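Listed in order, the protein sequences are those of chains A and B.
Each step along the first sequence adds one to the number in this note's numbering, with nothing skipped, and position 103 is 103.
Each step along the second sequence adds one to the number in this note's numbering, with nothing skipped, and position 275 is 578.
Since the hints were made in silico from the structure, they are not lab data.
Keep in mind the model is a prediction, meaning the values are calculated, not measured.
Warning: the hint list may mix true and false statements.
In silico contact screen, one side only, chain A against chain B (beta carbon under 8 Å); selected entries [to be verified]:
| hint | residue |
| --- | --- |
| 1 | Thr17 |
| 2 | Val43 |
| 3 | Gly73 |
| 4 | Thr101 |
| 5 | Gly104 |
Ideal Cβ placement from N, Cα and C applies to all residues, glycine included.
Spelled out from the first residue to the last, the chains are:
2 protein chains.
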Amino acid sequence: MSFKLTILGTSSALPTTKRYTSAHVLNVHERFFLVDCGEATQVQLRRNKIRFSKLDYIFISHLHGDHFYGIFGLISTFALLGRTKPLHLFAHPKLENIINTVLGSEVPPFKIEYHALEYDKENKILDLKHLEVYSFPLKHRTQTCGFLFKEKEKLPNIKKEKILEYNLSITEIIAIKNGSGLTLESGELIKNEQLVIPPKRPRSYAYLSDTKYSDKYAPLLQQVDLLYHEATFDASKSKMAKKTGHSTAEDAANFAQLTNAKKLLMGHLSARYNDVKLHEKEAQKIFKNATFVNDNDTFTIKN
Amino acid sequence: MSFKLTILGTSSALPTTKRYTSAHVLNVHERFFLVDCGEATQVQLRRNKIRFSKLDYIFISHLHGDHFYGIFGLISTFALLGRTKPLHLFAHPKLENIINTVLGSEVPPFKIEYHALEYDKENKILDLKHLEVYSFPLKHRTQTCGFLFKEKEKLPNIKKEKILEYNLSITEIIAIKNGSGLTLESGELIKNEQLVIPPKRPRSYAYLSDTKYSDKYAPLLQQVDLLYHEATFDASKSKMAKKTGHSTAEDAANFAQLTNAKKLLMGHLSARYNDVKLHEKEAQKIFKNATFVNDNDTFTIKN
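Please model the entire structure based on the sequences and the hints provided.
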């Protein structure tokens, strides 16, 4: 079962010929979840061969242009391709009026289900069969949310040979999957852990852009597999980072350490930098498994 | 003095990884004039090393997304780069409200001067020192204008040796530049054409996208150097072209012939085509100097 992140854009406000503005797409079991939608996201989706028909959920962190100006073209393209099924859009409540104004009389042939984000606390905003999505407030110049995508805990599988050995009934199987042991006719108790294979570890990905450093939601994000944290600036620009509601590479690394993340992905590079060597050096001093991402990078978490 | 057209996007409604949506930029004497602004136009401008600071005039043919969804990002980028001088935007009057809604509280630090296009007749919409711009209605599904960019006729230059030979005064020079001959003290008349070098031929470029075939404005566009005419479809799709308010390659070629254009540039390719061989073959049977343009093509007209 796939759990693969594709980075579509890694620039901060100004796109360049090498870095588009913010957008990520997460493939969870071949369903696609788009996080932010900077200008030309639809072209980047095509470039990465993401099938539009498998994209039903879009999450917009905040209403700065570099995070949502691609939504109009993407919706138009969905319409031109004849989409009929609903599109779920999790965003600031103002986005609905903005989209309606831009599209004007070009009303799409599918329903856009708007889900208004809240900015005061963490919320579970989506609950699917295999996946949960949480939003949580970030500290930026405008109302902004981060997102946590987390596979659901699975029940353990029963060892096949035990089913045969003890001729288990459906009722017994359900009880054992939910943690019971098994009492034989002889009165002997077989412990649960002897009967089951532990479930595969749930995988997770968190997206934090744009934000100042804040430890507030570190508990929610403990041991996240892929922690994306913006790192617009290097350490020498920490005052500017604070002033503009952004982070340095050190901020991102400190947050990765605090959450015991498996891997830190940095992004949202200020256009003033020609490369990311300094960002990576500064981050890796604090948190070793840190990398600055490039457009079209992919990260697969196996289980 | 430069007169150079750069093609930024050549796709119709759906952008692909090879063709962005519609945008052209015309360099007239190192001032840049942007015509349409599909998504990611700002990235294409960067790719072609067009200096944003020399771009003061934008012309939007109509309010279908593939012709204007890049305007929001471009305005935001101008703002981030600290632009203070006004930006002139020639477009449908509805665009002002759309832009204000999308930008929200992110009001740019420069004035956007909106110039509403009219859709009932041709109009001179801009009159600069060296250049005139005309709009004229096209036949599409929504109110749409084409644009004609035309260098102004220059006065002839006086041959240097004649200034010395006849010791011409400023008053005489002005009169000769405006067509007078010269009467010497002897009573001899020197004809104007013996005194002057004819001015360089004014160069011109016309943009027609999106439109059905129409001969109505052919007189305005006579002998245009660069005629851009959309050619969304090949001849086999002529019914669909008419139905959707678009043209075939043959339509574009017929219009080029009617206007005695120097060169026909076709664009706005439907995403159904993998290449443009058929379009070029069909057009060239009617009008030989026809080409289907690609993103980042440039065309320079010398004088």
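Checked hints:
For Thr17/A, the interface hint holds, the least distance from its beta-carbon to any beta-carbon of chain B being 5 Å, beneath 8 Å. The closest approach between the C-beta of Val43/A and any C-beta of chain B is roughly 5 Å, which is under the 8 Å cut-off, so the hint is satisfied. The restraint placing Gly73/A at the interface with chain B holds, with a minimum CB-CB distance near 4 Å, inside the 8 Å limit. Contact between Thr101/A and chain B, as hinted, is supported at the beta carbon level, the nearest pair being about 4 Å apart and thus within 8 Å.
The beta carbon of Gly104/A is positioned within 8 Å of a beta carbon in chain B (closest approach about 7 Å), and the interface hint is therefore held.
Consistency note: the structure conflicts with none of the earlier hints.
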